[in-house]
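Sequence lines, in order, name chains A and B.
Numbering that gives the first Met the number 0 puts the first residue of the first sequence at 0, with every later residue one more than the last.
Numbering that gives the first Met the number 0 puts the first residue of the second sequence at 0, with every later residue one more than the last.
Worth double-checking, as some hints may not be accurate.
[As the list claims (entries may be wrong)] Calculated cross-link-like contacts (lysine to aspartate or glutamate; reagent style EDC-like; alpha-carbon spacing at most 20 Å):
#1 B:K368 with A:E706
#2 B:K307 with A:D21
#3 B:K86 with A:E633
#4 B:K322 with A:E1
#5 A:K492 with A:E109
#6 B:K321 with A:E629
#7 A:K22 with B:E320
#8 A:K664 with B:E320
#9 B:K32 with A:E477
#10 B:K322 with A:D557
#11 A:K22 with B:E67
#12 A:K22 with B:D238
Just so you know, the hints here were simulated from the structure itself, not pulled from any lab data.
As the structure is a computational prediction, the values presented were derived from the model and not from experiment.
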Amino acid sequence: MEKVPTICPYCGCGCGLYLHVDKGIICGVSPSRNHPVSKGSLCVKGWNCYEFIQHPDRLTKPLIRINSKEHTTSKKNPPLPPFSKGGRGGINSSLVTHNSSLFREASWDEALSYIAKKLTKIKNTSGPDSIGVLSSAKCTNEENYLMMKFARAVLGTNNIDHCARLCHSSTLGGLASTFGSGAMTNSISEIADARVIFVIGSNTTEQHPMIGMHMLDAVNRGAILMVADPRRNMIAELAHIHLKHKSGTDVALLNSIMNVIINEGLVDIAFIKRRTENFDEFEKVISKYSPDIGEAITGVSADDIRKVARMYAAETRSMLFFSMGITQHITGVDNVRACANLAMLTAHVGHAMTGLNPLRGQNNVQGSCDMGAIPEVYSGYQNVKDASARKKFEAAWGVSLPKKSGLTLIEMLNASRRNKLKAMYIMGENPVISDPDVKHTIEALKKLNFLIVQDIFMTETAKFAHVVLPAASFAEKEGTFTNTERRVQKIRKAIEPAGKAMPDWQIICELSKKMGYNMDYKAPYEVMEEIALLTPSYRGILHHRLDDGYGLQWPCTDVNHPGTQFLHRKKFARGLGSFIPVHYLPPDEQPDEKYPFILTTGRSYFQYHTGTMTRRTTTLEREQPECTVEINAEDAEQFGIKNRAKIKVSTRRGSIEAVADVTDKIIPGTIFIPFHFHEASANVLTNPALDPYAKIPEYKVCAAKVERIHEERPYIK
Amino acid sequence: MKKDLILNKNYLSYWLRQLRKEMQLIGPMRGFKGDFVFKSIGQIHEISLDCPASAPLPKEFVFPHVEEMFEKVFSEQEIKDLQNNDKRIIFGIRPCDMSAINLIDRFYSSKFESSYDLAHPNRKSEDSYYMARRRNTVFISIGCNNPDPTCFCNSVGTGPFLESGFDVQLTDLGDRYFVQTGSKAGKTITNSYRYLFEEAQRQDYDDQYEIMLSALTKFEKRINLEETRQKILAGKVRDSFWEWVSTRCFECGGCVYECPVCTCFNIVERTETDKSPRPPLRAMAFTKGGQGGIKGKRIRIWDTCFFKGFTRMAGGNIPAEKKVMRTKRWWFHKLLYYPEQFKRFGCVGCGRCTITCPGRIDIATISQKIKVEIK
């Protein structure tokens, strides 16, 4: 039995673990004792992350959709049975109408030649900007870099995006204008020594359990834990103060906290004078948000607002954490700016055990942003509109690059609905489940002339594809992941890829060769070398340096640089930190008579994202086999809903049926639905209204109604 | 008394090399950056006996994460048994883990004294998959001269050295190992290479005793599980206390996965098909006709009593729905039911839960808390 050290493929914590391999079969997992993040622990997903790797459902050969003509003539490659049968096959079958089409197996050569031919044709007839590319936060840095290069150099478009658009694009946008860098400022290992921990809009113990562990350690050492969340989740139960503000009122809450800090003289004037700008204008806005006004908007008592303000400001070692609860609003960027203002106001940035810490939700979502898998920047956040940056990339890649910024994820789907986008290449993403308003997403995908999906399983999105390419999982390739604290860590190959599956980087290289652009890399370390060459913050990050340590935290500017534990020391990345005043704006959709509830969505502990991995893991699927709707006991009584009763939740976009979870963990008037389940997809309901700057959809607030379904049903499917 | 042996340290690798010719050799090796892992030994000189006492978990070699039980091709009558009969030698296991394996043996083997099954008081039950692995495994354990700060095996009588219950036990006497054999399998592997060993002399016994005494002085933790048990039995530990414990439980299952004594597993079926969607998991029954499947496999995987689904019944009812009930159940099993059933605690004092528990509600910490806070 061999034990291969690698990194967990789930959340952004980046825990170290060992995959146990016996005779080519992955047969277990154990935590790494000395890893700086996990320290010998793992969460339930980490402990069970081995099971999906060799699941029989894995895609093992390239698949090409059979069109009706071919269907009758193809005798050499008999068609496979349809994928979608029964509950487990597909998203609400009513939504999927052309799901009956069939795929046939193809060789790599055939599939890639076919794709190359099609893409070239579309590029030539409709222009490069009629093709959109989705990269993946599940893939390695090298693969994201190559995907970004493929889109820009081979296809010639800046239409590249990935799911960070749906989680932390507002963080990137908000922090770029205030601090100059959108990453977590401090490190996970500092948490245990903090004195005050303020968590807003993050279910840390469930979604970033190992960071939650460090927070608990801090609490054990006497730190104060304050949580602002409409749900009383585990971290809130452990908190000293829990602010149950209404979903979507974060700006009002943060502004009134800052109002107290200013009025009570708890600001750090020296810091504001030396290191920031635009304070006066900001102060004017804040003066309007007295704690009483805060109370009226948020539902949190003015006293609690004062307490939190005093505690956060009074300690020097105060850390502020936020996550999706802040970002997934139409005011996402404003929320993030408010958080940044709070950190700057009290000088809680630029030294250890402080900072503004966005918690990234996927193993490599930080990395894929760093690699420039977003429309407006190249790797290392070098803007595509910046001529000198473009020139550098043009020189290195030997092609001329598009000047205009590209479309974001949701914009691509909208463009497809308007017939502006003809083809999409989706790597390791499942927008049918993860994007807001499923009906529209499906409509958009169906309109595409050509859709390529590259994944490890037949996802709900892949069912709409014209070509499906089988990719290798994290255990079957080399590469690097960047975790939430900017730590670039190496993953190692434990087994050979399933069937004929290939690592994503190899697929991209082969495809670009077919399209006449020679991407020739022997291994991911060669790609990393190119990344280092072109990306100042990754300049010192090379595979051989990662081999004998727990990775390096960027910025790492040369090969002897030890990495950076915390950002903005002595100076903000943009020079002076900027106070950008923000006003409270109500969510796009407010509850009304017809739709009286606020619906907020998120993840559950046992499932992960669109469930392609966790729903194929026995223990995890057993723990949370179905979609449950958290509803307050008072509301439930009013609507005659009993615990575990089947209910129908509807919004202006659609409705789903799920099981009620009557609880006191959520405030009255709000319901919570996890988005993992294709059979009851929460994103059928969500509102695709976008933040004007970051284009992030408002997953956290929409108006909904709840009805009881009068029907006998067995408890378990 | 004169049965014990001495092995010159220079001869160890030769001995292991000879043993490896007969069976798989597994031992503690350096993992990534200061980690240690139990795995198949490549280079014998790379064995790391300097690893911390509680570092690796060798339970998985007799009770693996995933165990394939049997396989059936649906079109055929025959059922293929996938029982693992590989011969293994596990070197460098610690006394606490050895004691734990002895306890698991009693749980899984026919020696299991069923006091609960009143209808069949003499029924012999044996887990053939576990026992097949167990019978084919020989353990060479090594006493702990330097227990970890998290260790408390001395408090539960499972270390730092064992009196019995081992195959071969080594004690590091500096330049040589003091070798005790405690089973037939152990005698076989020493007697076949008897020329490597010398008989232990008076001086060796004295040295071994001295090492044992010095090891005992190095324990940092003083955990009294019996006191905790008495307090629980006397009803002094109130539900509010367990409520507090359970709010800190992350439900990661780490304590159970890492516990050398825990034996929970779940049985599931996997149907291998030509890409048809996986049928829902149903315990203990093959899906009807395979539903398009061609081959089915029954496997068992590690499970945890901390999970809600662990005791979910067919109707959907969960007896231990609240986290506090599940937390309590684990504690009561370890501290009350094990002693009742096996006359031993369900804890061997290895201290692994102390390291792995993200909520810091491991056995040692909570016992200490009960000791100090509950009068």
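Of all the hints given earlier, name the ones this structure violates by number, lowest first.
When the structure is compared with the hints, numbers 1, 2, 3, 4, 5, 7, 10, 12 turn out to be violated.
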